[in-house]
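Those sequence lines, one after another, are chains A and B.
At position 203 of the first sequence (counting the first as 1) the number is 270 in my numbering, and the numbers step up by one without a gap.
At position 21 of the second sequence (counting the first as 1) the number is 390 in my numbering, and the numbers step up by one without a gap.
None of these hints come from the bench; they were simulated from the model.
Take the hints with a grain of salt, since some may be wrong.
Some chain A residues well away from chain B (every beta-carbon gap over 10 Å; in silico) [stated by the list, open to error]:
{"no.": "1", "residue": "Leu126"}
{"no.": "2", "residue": "Arg135"}
{"no.": "3", "residue": "Thr148"}
{"no.": "4", "residue": "Val174"}
{"no.": "5", "residue": "Cys176"}
{"no.": "6", "residue": "Gly220"}
{"no.": "7", "residue": "Gln244"}
{"no.": "8", "residue": "Ile256"}
{"no.": "9", "residue": "Ala257"}
Some, not all, of what chain A presents toward chain B, calculated at C-beta under 8 Å [claimed, not checked]:
{"no.": "10", "residue": "Val134"}
{"no.": "11", "residue": "Ala138"}
{"no.": "12", "residue": "Ala160"}
{"no.": "13", "residue": "Ala248"}
{"no.": "14", "residue": "Phe249"}
Each residue gets a CB set at the ideal place from its N, CA and C atoms; glycine is no exception.
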Amino acid sequence: MNQYLERLYNGVIKENPTLVLMLGMCPTLAVSTTAINGVGMGISTTAVLILSNFVISLLRKVIPDQVRLPAYIVIVASLVTVTELLIEAYLPALYNSLGIYIPLIVVNCIILGRAEAYANKHTPGLAVMDGIGMGLGFTVALTLAGLLREVLGSGSAFGFNFIQYLPGVEPIGIFVQPPGAFFVIALFIAIMNAIGIKTRQRKLVENTGCDGCCATCAQRCEKAEEEAK
Amino acid sequence: MKGLILIMIGGALINNVVLNQFLGICSFLGVSKQMKASASLGVAVIFVMTISSAVASLLYDFVLKPLGLDFMKTIVFILVIAALVQIVEMFLKKTSPAVYTSLGIYLPLITTNCAVLGVALTNVQNEYNFVESVLAGFGTAVGFTLAIVLLASIRSRIREEDLPKPLRGAPIVLISAALMSIAFMGFSGLSF
Numbered sequence: 068m069n070q071y072l073e074r075l076y077n078g079v080i081k082e083n084p085t086l087v088l089m090l091g092m093c094p095t096l097a098v099s100t101t102a103i104n105g106v107g108m109g110i111s112t113t114a115v116l117i118l119s120n121f122v123i124s125l126l127r128k129v130i131p132d133q134v135r136l137p138a139y140i141v142i143v144a145s146l147v148t149v150t151e152l153l154i155e156a157y158l159p160a161l162y163n164s165l166g167i168y169i170p171l172i173v174v175n176c177i178i179l180g181r182a183e184a185y186a187n188k189h190t191p192g193l194a195v196m197d198g199i200g201m202g203l204g205f206t207v208a209l210t211l212a213g214l215l216r217e218v219l220g221s222g223s224a225f226g227f228n229f230i231q232y233l234p235g236v237e238p239i240g241i242f243v244q245p246p247g248a249f250f251v252i253a254l255f256i257a258i259m260n261a262i263g264i265k266t267r268q269r270k271l272v273e274n275t276g277c278d279g280c281c282a283t284c285a286q287r288c289e290k291a292e293e294e295a296k
Numbered sequence: 370m371k372g373l374i375l376i377m378i379g380g381a382l383i384n385n386v387v388l389n390q391f392l393g394i395c396s397f398l399g400v401s402k403q404m405k406a407s408a409s410l411g412v413a414v415i416f417v418m419t420i421s422s423a424v425a426s427l428l429y430d431f432v433l434k435p436l437g438l439d440f441m442k443t444i445v446f447i448l449v450i451a452a453l454v455q456i457v458e459m460f461l462k463k464t465s466p467a468v469y470t471s472l473g474i475y476l477p478l479i480t481t482n483c484a485v486l487g488v489a490l491t492n493v494q495n496e497y498n499f500v501e502s503v504l505a506g507f508g509t510a511v512g513f514t515l516a517i518v519l520l521a522s523i524r525s526r527i528r529e530e531d532l533p534k535p536l537r538g539a540p541i542v543l544i545s546a547a548l549m550s551i552a553f554m555g556f557s558g559l560s561f
């Protein structure tokens, strides 16, 4: 398979950031109350991810290794601020429903994770494709979670209220409340387990208390990994 | 006075940062395997979140706002938090090695814990003054600690249960969190 297409396959299916790598759980749980919110958050994150992968890949030979993480954080934070201002200006409804989770894209583990694991080692073209793949994978997972919660919790899909045509059927309100988010994601991962797709958390990451999602502790995990050897 | 108490209780129980706002889920799920680690992380979060709320509030009120740079708050806050964690780490290493060895490995984890940045941003959004910000930061951190310690003790029981295979690992932890979240919803009826 073409290596560019391979990045897409890898992001959406093989290493789906939410469902397989279990990264970026905070926004997944928080904004998946409706399918539209899921799509909006997914696309915003994808935009930031593509651009940050591109910029970081371009600068991979310029940024000194010791200060790479602060440098990445500054790049990502700038891109997120731009995205936030654009959403506020052109999509005010989405801005209001996503709220504080837009600036929090900065600390989304997927973005720094991809910068660290892929973009700083590969050419800009591949890094952009990796961003598109990972972003799509994230968007698909968020949209699915949002759709399921919306259907069960408020009896509508993508804003279309279908439950009014089903007399005597009541939506299960708890699914649009916070507990529903935990239930739905638990269900997704249980299904993945049942059909044999293993969620992959690095073993060592578990032992050191690192959850594998934070950039600063990535270094520490590497160190611990070396010591373990 | 009543307002201040309400901010603290609101942060800790009613709008619990993990169970209601889904911030800091990564460490909530990752670290809650062991009771001791959870408690240590909790203390470290209380420490860092209180200080960072204070610093972020001062910075916003006296630097960013007067200069009309409030759109820069995300960049400034994340850098300040990262720097702050580094300073706290160095300070602890120097002054109290005992505390450092028990909290040390959790401090860097906190830098990208979205809860810390989330609280700083929420404080600004709610237009809290300095005292209110500090109390909100402290209250939220206490809520985080409460949730993670409770989850850790639930998980120590789960370990001995015979679970259906697909539910082992992450799913059962998320379901436990869901049930805790339902329990915490009861606090939303709390009024003074």
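Structure-based check of each hint:
In this structure A/Leu126 is separated from chain B by more than 10 Å, as the shortest Cβ-Cβ distance comes to about 17 Å. At roughly 13 Å, the least C-beta separation between A/Arg135 and chain B is larger than 10 Å, which holds for a residue marked as non-interface. The claim that A/Thr148 lies off the interface is violated: its Cβ sits roughly 5 Å from the closest Cβ of chain B, which falls inside the 10 Å cut-off. With a least CB separation of 4 Å from chain B, A/Val174 falls inside the 10 Å interface cut-off, contrary to its annotation.
Not every Cβ of chain B is farther than 10 Å from the Cβ of A/Cys176; the closest lies at roughly 6 Å, contradicting the non-interface assignment. At roughly 13 Å, the least C-beta separation between A/Gly220 and chain B is larger than 10 Å, which holds for a residue marked as non-interface. Look at A/Gln244: its CB is around 7 Å from the nearest CB on chain B, not clear of 10 Å, so calling it non-interface is violated. At roughly 5 Å from the closest C-beta of chain B, the C-beta of A/Ile256 falls inside 10 Å, breaking its exclusion from the interface.
For A/Ala257, the requirement that its beta carbon stay farther than 10 Å from each beta carbon of chain B is not met, with the minimum near 4 Å. Given the 8 Å rule on beta carbons, the hint for A/Val134 is violated: about 12 Å separates it from the nearest Cβ of chain B. Nearest Cβ of chain B to the Cβ of A/Ala138: about 11 Å, over the 8 Å cut. The hint is violated. Annotation: interface hint on A/Ala160 violated; nearest CB of chain B at approximately 18 Å, more than 8 Å.
The closest approach between the C-beta of A/Ala248 and any C-beta of chain B is roughly 7 Å, which is under the 8 Å cut-off, so the hint is satisfied. Because the beta carbon of A/Phe249 sits about 3 Å from the nearest beta carbon in chain B, less than 8 Å, this interface hint is met.
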